[in-house]
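Residue numbers (UniProt numbering), protein chains in the order written: chain A, 1 to 245; chain B, 1 to 245; chain C, 1 to 245; chain D, 1 to 245.
Honestly, the hints are just simulated from the structure, not real lab data.
Don't take every hint at face value.
Said to hold, decoys possible - Listed below are the simulated DSS-like cross-link pairs for lysine-lysine, each with C-alpha atoms no more than 30 Å apart in a straight line:
| no. | chain 1 | residue 1 | chain 2 | residue 2 |
| --- | --- | --- | --- | --- |
| 1 | A | Lys207 | C | Lys192 |
| 2 | A | Lys194 | C | Lys117 |
| 3 | A | Lys201 | C | Lys194 |
A quick note: this is a predicted structure, and the numbers were derived from the prediction, not measured.
Protein chains: 4
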Amino acid sequence: MRRAGLLLALSGRAWRSVRMASSGMARRDPLANKVALVTASTDGIGFAIARRLAQDGAHVVVSSRKQQNVDRAVATLQGEGLSVTGTVCHVGKAEDRERLVVTILDINVKATALMTKAVVPEMEKRGGGSVVIVASIGAYFPVPGLGPYNVSKTALLGLTKNLARELDQRNIRVNCLAPGLIKTSFSQVLWKDKEREESIKEIMQIKRIGKPDECAGIVSFLCSEDASYITGETVVVGGGTPSRL
Amino acid sequence: MRRAGLLLALSGRAWRSVRMASSGMARRDPLANKVALVTASTDGIGFAIARRLAQDGAHVVVSSRKQQNVDRAVATLQGEGLSVTGTVCHVGKAEDRERLVVTILDINVKATALMTKAVVPEMEKRGGGSVVIVASIGAYFPVPGLGPYNVSKTALLGLTKNLARELDQRNIRVNCLAPGLIKTSFSQVLWKDKEREESIKEIMQIKRIGKPDECAGIVSFLCSEDASYITGETVVVGGGTPSRL
Amino acid sequence: MRRAGLLLALSGRAWRSVRMASSGMARRDPLANKVALVTASTDGIGFAIARRLAQDGAHVVVSSRKQQNVDRAVATLQGEGLSVTGTVCHVGKAEDRERLVVTILDINVKATALMTKAVVPEMEKRGGGSVVIVASIGAYFPVPGLGPYNVSKTALLGLTKNLARELDQRNIRVNCLAPGLIKTSFSQVLWKDKEREESIKEIMQIKRIGKPDECAGIVSFLCSEDASYITGETVVVGGGTPSRL
Amino acid sequence: MRRAGLLLALSGRAWRSVRMASSGMARRDPLANKVALVTASTDGIGFAIARRLAQDGAHVVVSSRKQQNVDRAVATLQGEGLSVTGTVCHVGKAEDRERLVVTILDINVKATALMTKAVVPEMEKRGGGSVVIVASIGAYFPVPGLGPYNVSKTALLGLTKNLARELDQRNIRVNCLAPGLIKTSFSQVLWKDKEREESIKEIMQIKRIGKPDECAGIVSFLCSEDASYITGETVVVGGGTPSRL
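Sequences are here, hints too, so could you generate the full structure?
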């Protein structure tokens, strides 16, 4: 239940030399020497992911469409002693966007595909990389009233598999995170009033609503060497809400 | 492995009065008094479906983008004594299409969604209806070299679920057919030469390649009263190729 | 939500000669010249399936563990002019069962596997056949309080795929039906009181509870020549309840 | 492709006090103060998991059916400075096993269910815990010649969901690992000769066969606080082999 197909790209400077997952060393700073680009990361789940990747040793590039949001997020994370810089990121040029009917499908699916392709050459230069696409539990089940959003998220499950296949030969893994109901400003309509929250929890068959932080660890894991044989997969972080076998 | 999100819309003139599935009667002409609009139906799977629906009692409207293809298909089916008429169907007006970058995602997903919504009012007037969307086994697994096609088909799985949910209250069911490898002109690159065919069959773990006719029965079934409690589902017609649990 | 892994086995006397699905003829009596063995078929979904297969032209063998139930079902169906006989069917010999701790897993999974294997030689003699295994929506989602039942139904999804693969070379197709919430005596605890019914419908996200008849058409379809390219698949009959993509 | 439903149970001594995942601290020794019981862990994937959990701070109890295998594994891991002890673990008493027809379904499914239930009281005393069940890619697709094995693994996907649901209120999470083709003695028939390996890689659509170590990180992750909102899920470690959406 978040705005856009958030895309995370991580590439290792010295991919092969970091290949020491079983030594214990790599786990201390599993993302050392890596650069992470996290889109839509000034708030909510994206922000939690950006923080976590930086804590795990990556240099993180925070990105969003608005300069002031980027500045605020960078300042916060730098204040925590993390290695973070920021960039404003547009989906295409402004004039193009105006002509285009920018639908949810375009933003969530096409932009994710285009951005992945944009970072591939950089990853190849560094010997490999890892992409984590953010879908939603809505990819599996129709959250009422969010039709186009749900469908775009379903498409991301397929995009993950197809990109994984295509980029396999270049040492780039592509995986996907499907958060369930997470407490963010984006999803607040679902939990703001107590009664609504209880009803949603019953329908989603969960004990409690998740926190953005609870989505961050799996992203760091999927980007690390520990996930070296995981590609094309989607992990649901949904607190037990029905997903798929 | 077919061109576009083929959409089939069936609406019953006298929905409730046909509700006699267990009497045996309805099964003789399971689609009597129904009108079926079959897009992309002048060739291959679409044509096989159109023929079958007409054989099962529906009046079928054959549709495609080219007048001469429509004329040929209508003539053939009328020559078999079937109740068929034709119409040329554009995805939007020509001038719009030129401005728009008509990608596979637009054609397969947006056009399918728009066309379904276009037929809903007519179905409501008749008391209900049935939509069958045609996806592909590529929706589940990345057929190499067909990335955007595969992703658009994955999106259709989600579209099926979401439309089913939305249209539930209006007595409209929405289901999906996912053909595996079917012998059509569209898929001939995969089976034209014998050696290629054998290798594809091994990879797809099938004994033989399917025929367009073998996709038609399930569509007729899903449109009939016999499927009254089936909605939001996708049926794979793939000869045993790996699909999903 | 039904007792046991109901197994349906259909074998065609003259398989190849019936291969005329597109002629319209086969659809009049799609199961003519076939013999259907339906286990657990004296009540509920099994009974609805047995009746439907007989209406569609098959000779049906009704089967259950209790003689009087079999007699009653046979009498009812013969009274409707259908070609039906009965047999009492035990899972193993009585003395074996007493020694064995007959768990749900044993009945639902092992018995289904064993019975399928028992009918294979007969099907082979006739040139082929079709098996439809009955699982449940519980195979996909944990219906609370029914753990072992749910797990056994999940196993049936895998059994379907594995038997389909194994029996492919012998012209035997194996598919599966997963009913959602159907109004039977087995499931009455879920719908007997009105308030409970409304709550269940909300959780299952369905407009109404299904009827046994609504599970019968798909079984007849899967057994017919129309499903000649469908094997290893599960069809959910759940009225739109969340299932899987 | 491994022998039995390997079960991993982890319980935190001071569950709530360890709740500091975002502080960076917890990640240094993510499993500190935890006790891990790893069954079937003297070889292959189980052994790799046991080692990794110990490296990540847990006290590990290695377990298997044969005393000498347990002794050897414990000695090896203690020699690496890890906190490890061993225990011989039988599925039931020997005399029981002789009477019982111990099928694969019994070992893989029933034993996993029983063992989980056996460790629940201990986990509850400690305030919670985490169970990771090991299934296989065979759970999703029928590996030829391994029918009962595959079906038992499919059942484990359902068991994971059902146990997750049941144990939710006791602060116990239950997840599942589905390894693809991993280089172990168990799977050597598939890769021992070079030609066979190449053919298997093509069918499984993978670039290379995985290593036991590559299955270990995800188990440690799923047991850690970082996975606090992940329950009922299966993660495939298959190098991009077709799995499910």
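Hint by hint, here is what the structure shows:
Distance check on the hinted pair: lysine 207 of chain A and lysine 192 of chain C sit about 27 Å apart at the alpha-carbon level, within 30 Å; holds. For the proposed pair lysine 194 of chain A and lysine 117 of chain C, the alpha carbon gap of about 55 Å is over 30 Å, so the pair is violated. Taking the CA atoms of lysine 201 of chain A and lysine 194 of chain C, the gap is about 22 Å. The hint holds against a cut of 30 Å.
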